[in-house]
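A.B. asks: These are the residues of each chain, in order.
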Amino acid sequence: MSEMDMSYVRTEMLPEQEPPRSQTGAAKWLRENLFSGWINTILTILSLAFIALVLHEFLPWIFDSTWNANSLSECREIAPGACWAVIKERWPQLLYGFYPEELRWRVNLSFVLMLVAIAPVLFTGVPRKLLWFTAAFPVLGYWLLWGGSLWGPLMALAGFGVGAGVYAAIRPVNNLAALIAGPLAVVIWWLAAAGPVAGLLAGGVPLMLEPVPSSKFGGFSLSIIIGVTGIAFSLPLGILLALGRQSNLFIVKAICVGFIEFIRGVPLITLLFVASVLLNYFLPPGTSFDIILRVVIMVTLFASAYMAEVVRGGLAALPRGQYEAADALGLDYWKAQRLIIMPQALKISIPNIVSTFIGLFKDTTLVSIIGLLDPLGLSTAIRADTNWNGIVWELYGFIALMFFIFCYSMSRYSQYLERKLQTGHR
Amino acid sequence: MTDLATDREIDRSQMQVSDKVAIQITDMNKWYGAFHVLRDINLTVYEGERIVICGPSGSGKSTLIRCINRLEEHQKGQIIVDGTELSSDLKNIDKIRSEVGMCFQHFNLFPHLTILENCTLAPIWVRKTPKKEAEEIAMHFLEKVKIPDQANKYPGQLSGGQQQRVAIARSLCMKPRIMLFDEPTSALDPEMIKEVLDTMIELAEEGMTMLCVTHEMGFARQVANRVIFMDAGQIVEQNEPEPFFNNPQSDRTKLFLSQILGH
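Chains as they are written, first to last, in the UniProt record's numbering: chain A, 1 to 426; chain B, 1 to 263.
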């Protein structure tokens with residue numbers, strides 16, 4: 001190579017040009033994704049043939065069906081395909097269980113109110129003031145669903161106010177004492193004071209709705225009650241457990257680690273059996289502790305242990321510098337957590353958090369094992385009916401579809417949230 | 001022999017060292033486990049001083065300034081910042097931290113907040129400044145570091161130099177009396193170092209008390225009133241820049257200077 005070749009000076013800069021035709025549009029997509037080589041072309045054709053075959057078998061079964069019949073045998077006479085009549089007949093039961101028919105408006109109303117209460121949590125466009133309604137909804141929802149006096153759940157809610165009051169009163173004196181006395185006051189209030197006070201107030205202003213016992217609950221409304229309550233409480237509890245696990249305070253840390261490891265090491269079924277059978281032995285005699293409440297508590301504790309680990313993963317992914325910058329600006333621990341650490345850690349954990357939620361929601365079907373009539377429990381009862389004996393695909397297919405709709409919407413929401421919180425690379 | 005930090009004349013009219021003590025460190029020692037990182041540190045910083053701390057890596061210079069706002073805890077001796085002694089008392093720590101600003105090597109901006117929110121967060125939540133006022137203060141300092149037009153972007157959309165200037169503005173929004181810089185230019189491309197140094201020089205010209213851990217010897221020469229050389233957790237030599245660079249006394253200082261200035 002001669003020395004002359006080494007020198008080069010560009011005299012004009014090149015303008016930007018359009019990419020070649022074959023690099024854009026549908027043609028490019030088809031070629032890259034379906035027909036990028038002869039093996040892939042064959043696979044594409046085979047796959048299309050397979051899909052066509054499945055649909056060819058499956059679609060007639062779905063559409064060559066009947067909605068109007070009183071039993072499975074009647075169905076089979078009318079149409080060769082699916083027997084959707086069972087869904088039509090048992091639809092109210094699959095939704096409400098054995099909730100009294102004339103009171104079902106209460107379930108519907110609480111479902112609508114639930115949507116209103118969730119809206120400000122899910123979407124930032126909704127007015128922030130609605131969050132107050134969200135905070136009040138557990139009481140309202142409980143009252144609507146179970147009936148009885150409004151004062152009972154209201155006084156239970158007041159327990160948190162009492163706890164906060166005690167905490168605020170003692171905090172100036174001693175931080176640690178306040179941390180212990182606050183929760184203790186809540187428990188004491190619930191065990192000793194809430195009942196009598198509620199009774200007293202109900203004596204003055206009843207605010208009664210006709211009570212509905214837990215044994216009447218069932219169907220998808222039961223799944224939603226357990227699932228939504230579990231989801232709503234397991235996230236904050238999980239966050240606290242994750243923080244506790246990272247705490248410098250030895251006892252707090254030990255309790256959190258012990259709790260997480262114990263709960264994660266035990267099958268949910270075991271916890272549900274504990275809830276349904278054993279818990280009664282531990283409680284003072286005479287206390288009746290609602291079965292659904294017990295199940296909700298167990299499901300929440302179970303999910304929160306997993307949630308704690310998910311959140312801890314998010315915390316571990318944050319660079320130390322974020323903690324240091326928050327410290328250096330003078331933010332205290334809780335402000336740093338709330339404003340700097342958690343928004344980022346939770347954002348990182350969104351896919352896993354939603355996975356845990358979806359898992360929790362599907363796990364609500366396990367309550368059928370301890371005798372609660374969730375959709376799966378009901379399906380067993382329906383199939384035991386002589387009219388519908390032998391029906392399998394339609395019933396389970398329908399229940400699967402309903403669960404899929406719930407879980408898929410959660411999944412879509414998490415993707416929406418991830419996109420919304422995307423703020424460029426970190 | 002050193003590259004200068006800036007070509008312009010530095011305005012020294014407000015760069016006055018007062019006789020009031022800003023930071024007093026007495027016989028301070030620190031260990032990481034069994035490792036003795038800082039040994040018998042004695043240092044008095046007066047208001048208006050611009051101190052550059054240099055030394056080989058692992059010499060404890062970053063640890064020293066991180067002790068000043070308690071990002072690291074010292075185990076022996078005394079640190080008094082602005083009349084408040086650093087102890088395990090959380091109230092004192094928060095008080096000192098809100099008066100001492102700090103800039104980090106990796107900026108440590110909050111990636112989930114916009115530039116403006118990064119700057120207003122601490123004033124709003126620590127100082128209880130009303131939001132509107134905090135935003136005015138933030139815009140004032142963003143103008144000062146010459147990036148007001150980026151206020152509504154996220155840190156990930158800015159260059160390294162811009163991010164570091166935002167980090168400086170964020171600290172300034174708390175109206176600190178002392179600024180600590182922990183290798184503010186070490187993670188930056190050469191092109192961007194200058195814009196950060198310019199910002200730091202302007203800050204020095206306004207009379208800010210500054211402690212900078214940096215390898216920018218041009219900055220040390222032009223701006224600092226005192227250069228401290230550390231090695232093996234100890235202060236080996238300190239002097240005014242002229243004699244420090246032209247006539248270092250200790251052999252270790254000589255070796256260090258020859259290594260970083262030699263090429």
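Hints are supplied without guarantee of correctness; some may be wrong.
Said to hold, decoys possible - Capping the alpha-carbon separation at 16 Å, the derived lysine to aspartate or glutamate pairs in EDC-like fashion look like this:
(1) B/175 to B/240
(2) B/128 to A/332
(3) B/146 to B/183
(4) B/91 to A/327
(5) A/335 to B/183
(6) A/88 to A/74
(7) A/335 to B/94
(8) B/76 to B/94
Stated by the list, open to error - Sample of chain A residues with no beta-carbon within 12 Å of chain B, all distances over it, derived:
(9) 37
(10) 261
(11) 321
(12) 343
Think of the hints as simulated: they come from the structure by calculation, not from any bench. Cβ coordinates follow ideal geometry from the N, Cα and C atoms, glycine included.
A.B. asks: Within 16 Å, alpha carbon to alpha carbon, are residue 128 of chain B and residue 332 of chain A?
C.D. replies: Holds, because 13 Å separates the two Cα atoms, which is no more than 16 Å.
A.B. asks: Quick one, are residue 335 of chain A and residue 94 of chain B close enough, alpha carbons at most 16 Å?
C.D. replies: 12 Å, holds
A.B. asks: Beyond 12 Å from every chain B Cβ: check whether that's true for residue 261 of chain A.
C.D. replies: 27 Å, holds
A.B. asks: Is the Cβ of residue 321 of chain A more than 12 Å away from each Cβ in chain B?
C.D. replies: 4 Å, violated
A.B. asks: Keeping to a limit of 16 Å between CA atoms, is the pair of residue 335 of chain A and residue 183 of chain B held or broken?
C.D. replies: Since the Cα atoms of residue 335 of chain A and residue 183 of chain B sit roughly 27 Å apart, the hinted pair is violated (cutoff 16 Å).
A.B. asks: Does residue 240 of chain B lie within 16 Å of residue 175 of chain B when you go C-alpha to C-alpha?
C.D. replies: 28 Å, violated
A.B. asks: Is residue 76 of chain B close enough to residue 94 of chain B, meaning Cα to Cα at most 16 Å?
C.D. replies: 20 Å, violated
A.B. asks: What's the verdict on residue 146 of chain B and residue 183 of chain B, does the C-alpha distance respect the 16 Å limit or exceed it?
C.D. replies: Violated, at roughly 21 Å.
A.B. asks: Determine whether the non-interface label on residue 343 of chain A survives the test: each CB of chain B must be over 12 Å from its CB.
C.D. replies: 5 Å, violated
A.B. asks: Need the status of pair residue 91 of chain B, residue 327 of chain A: alpha-carbon distance at most 16 Å?
C.D. replies: 13 Å, holds
A.B. asks: Is residue 88 of chain A within 16 Å of residue 74 of chain A, Cα to Cα?
C.D. replies: 14 Å, holds
A.B. asks: Against chain B, does residue 37 of chain A keep a CB gap of more than 12 Å to every residue?
C.D. replies: The assertion about residue 37 of chain A holds, with a minimum of 38 Å to chain B.
Checked against the numbered hints above, the structure breaks hints 1, 3, 5, 8, 11, 12 and satisfies the rest.
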